[in-house]
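Undergrad: Using the sequences and the hints, build the whole thing.
Line order of the protein sequences matches chains A and B.
Residues are numbered in this note's numbering as their position in the first sequence, beginning at 1, plus a constant of 69.
Residues are numbered in this note's numbering as their position in the second sequence, beginning at 1, plus a constant of 69.
Treat the hints with care, since some could be wrong.
For chains that are exact copies, the list does not tell them apart, and a pair is met inside one copy or across any two.
[To be verified] DMTMM-like mimics (lysine to aspartate or glutamate), calculated; alpha carbons at most 25 Å apart, straight line:
| hint | residue 1 | residue 2 |
| --- | --- | --- |
| 1 | Lys235 | Glu314 |
| 2 | Lys235 | Glu360 |
| 3 | Lys219 | Glu367 |
| 4 | Lys320 | Asp298 |
| 5 | Lys219 | Glu238 |
| 6 | Lys289 | Glu314 |
| 7 | Lys219 | Asp364 |
| 8 | Lys258 | Glu238 |
| 9 | Lys289 | Asp262 |
| 10 | Lys219 | Glu360 |
| 11 | Lys258 | Asp162 |
Calculated from the structure, these hints are not laboratory results.
There are 2 protein chains.
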Amino acid sequence: MGTAAGEPPFHPAVLFIRRPGAPFANAMHQRFRVLDSLASGEPLAAFLAAAAAMPDPPRAAVIMGGGVVRADAAFLDAVPSIRCLVSTAAGVDHIDLAECARRGVGVANSGTVYSADVADHAVGMLVDVLRRGLWPVQEDYAFGSTLRGKRVGIIGLGNIGSLLAKRLEAFGCIIHYNSRRPKDSVPHKYFPDVHDLASESDVLVVACALNKETRHIVGKDVLEALGTDGIVINIGRGASIDEVELVRALKEGRIAGAGLDVFENEPAVPSDLLSMDNVVLTPHSAVFTLESRSDLCEHLICILEAFFSGEPLLTPVLP
Amino acid sequence: MGTAAGEPPFHPAVLFIRRPGAPFANAMHQRFRVLDSLASGEPLAAFLAAAAAMPDPPRAAVIMGGGVVRADAAFLDAVPSIRCLVSTAAGVDHIDLAECARRGVGVANSGTVYSADVADHAVGMLVDVLRRGLWPVQEDYAFGSTLRGKRVGIIGLGNIGSLLAKRLEAFGCIIHYNSRRPKDSVPHKYFPDVHDLASESDVLVVACALNKETRHIVGKDVLEALGTDGIVINIGRGASIDEVELVRALKEGRIAGAGLDVFENEPAVPSDLLSMDNVVLTPHSAVFTLESRSDLCEHLICILEAFFSGEPLLTPVLP
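TA: Next up, the structure:
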């Protein structure tokens, strides 16, 4: 849409709840009047009150995951003009979806922006855990294990899980999966029960969203079913695994190893994990690629522009 | 073949030149009379002389790679009964192939035993290098890079290179390759010149055998062609890269990173590499999986039994 000469272009207000140090704000400034929680320097409550009191209060908010804020009834009450919440994360466990649905607030997530990167990261961690011996030299010829022939049980065969399956098939892995329903177009064996999936798997990958059903979906029993040669990879959400039980199983040798990008109480990581040499840890960084960052920017702008022009959200998330 | 009751089965003598700490000897003992360089406790020259002086001197030798011995004219002179040399390594750079050919000594290598593991390891290292930020947490959100769309130039499209290409295609990489000749059945773009390959690649993977033609095939010019965003992976042989130039290029930021499983003067590793955070190092361990160890045992026995029964070697290596 054109603007008269000399008239500044109209930039709708967007609330941006940002994690310290996190990028992305600059690209947003070119399209929107960004009300940046971090740049404001104010406590969150005061920041939200000020935004709500503006003559043109924000109708959309971008919310970073990772414990900055929980977008619940109190949050929505604080800025009642908000009709659209966009999560920069694939997960929306920091957004009260039921409350949003009740109020007619649209919610979108990062869609498939990160999926390939997270799948790639999962493979990288799995190779590392299977090989154990990164530097220094193991004088006694510590042997790792191979990928080919490994039965990998994927919990959650959404976009990430599917891309992971595709990659692991190229390594000669056998893919099993659990999800709420079997997928029609998928050749892999479906397990309606996670315990059974673990029993039939050498590697268990958590790639599901975190919700009531999946919280602690990998607990003591499932770890026991996975067994002493089993490996757990988590590139989903920390709380999908009972972390206390996972650490205990690793310490006691009841499972063989783990690759973890996410933790139950981030940024806290159980100190026991840091000293284990059969564990590979990354700091929730599976999504951190330059390409994803750029793709996310485009994705956010696309969603927000669609919202402001009255179009339905491109990646609606339903409770 | 049957043996008379009470008569011990015939076990042909096999010379086993073994690296300290290396396994495999036990499985061999069940089939062969193993003359073990390590178990003998003697200096190599005395050990070889004693073997040659036996009434039934060994006609076959298993030689571990990694600088234990060079199987050259002097070695073959020391035990002239040897008609078959089997390398436990994929590489045969520790065997003088021309001298063996001249004497009619058959040579076999590990065949494809390790290929999948080495290909897997290369992918794991590439993911790690691209992501850079393994633990600890990068407070300033260090961003890695993604695999999809990356142009990977593979030097040497033998068994390992082909398996690597298959894996990387599942990640959305674009495969280019260099080898002595273009491969007929391969859809990837062939570059007769490594410099050109590097110019057109984001990642350069050394997966070729080490020989006169490939020694320092990746030198200063090739690294310069790869460029400041380029990554080098070496799962072939250390000396295929000019290591001094590689370290220099990494230090000066003329390439972006490296993943190295092999080094020019193993077990020595340039100390500069150890402190670089854009470098992932493993101690020539790509092949060290339990599955490969088991497969190698079977492979060695298969080759030796074929040799002793007068069959042609299964994996002849020609100079």
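Undergrad: Would you mind marking each hint as holding or not holding in the structure?
TA: A quick look at each hint next to the structure:
When the C-alpha separation of Lys235 and Glu314 is checked against a cutoff of 25 Å, the pair qualifies neither within a copy, at 30 Å, nor between copies, at 37 Å. In the homo-oligomer, the alpha carbons of Lys235 and Glu360 lie at most 25 Å apart both inside one protomer (20 Å) and across protomers (23 Å), since each shortest distance falls under that limit. In this assembly of identical chains, Lys219 and Glu367 lie within 25 Å of each other by CA distance solely across copies; the values are 20 Å between and 38 Å within a copy. For a Cα distance limit of 25 Å, the shortest separation of Lys320 from Asp298 inside one copy, 14 Å, qualifies, whereas the shortest one across copies, 40 Å, does not.
Both within a single protomer and between protomers do Lys219 and Glu238 lie at most 25 Å apart by alpha-carbon distance, with minima of 10 Å and 20 Å respectively. In this assembly of identical chains, Lys289 and Glu314 lie within 25 Å of each other by CA distance solely inside one copy; the values are 6 Å within and 51 Å between copies. When the C-alpha separation of Lys219 and Asp364 is checked against a cutoff of 25 Å, the pair qualifies only between copies, where the shortest distance is 16 Å, while the shortest distance within a copy is 33 Å. In this homomeric assembly, Lys258 and Glu238 come within 25 Å of each other (Cα to Cα) both inside a single copy, at 13 Å, and across copies, at 24 Å.
For the identical chains of this complex, Lys289 and Asp262 are intra-copy neighbours only, at 15 Å inside a copy versus 56 Å across copies, given an alpha-carbon limit of 25 Å. Taking the shortest Cα distances, Lys219 and Glu360 sit within 25 Å of each other only across copies (11 Å), while inside one copy they are farther apart (30 Å). In this assembly of identical chains, the alpha carbons of Lys258 and Asp162 never lie at most 25 Å apart, being 28 Å within a copy and 45 Å across copies at closest.
Violated hints, listed in ascending order, are 1, 11; each of the other numbered hints is respected by the structure.
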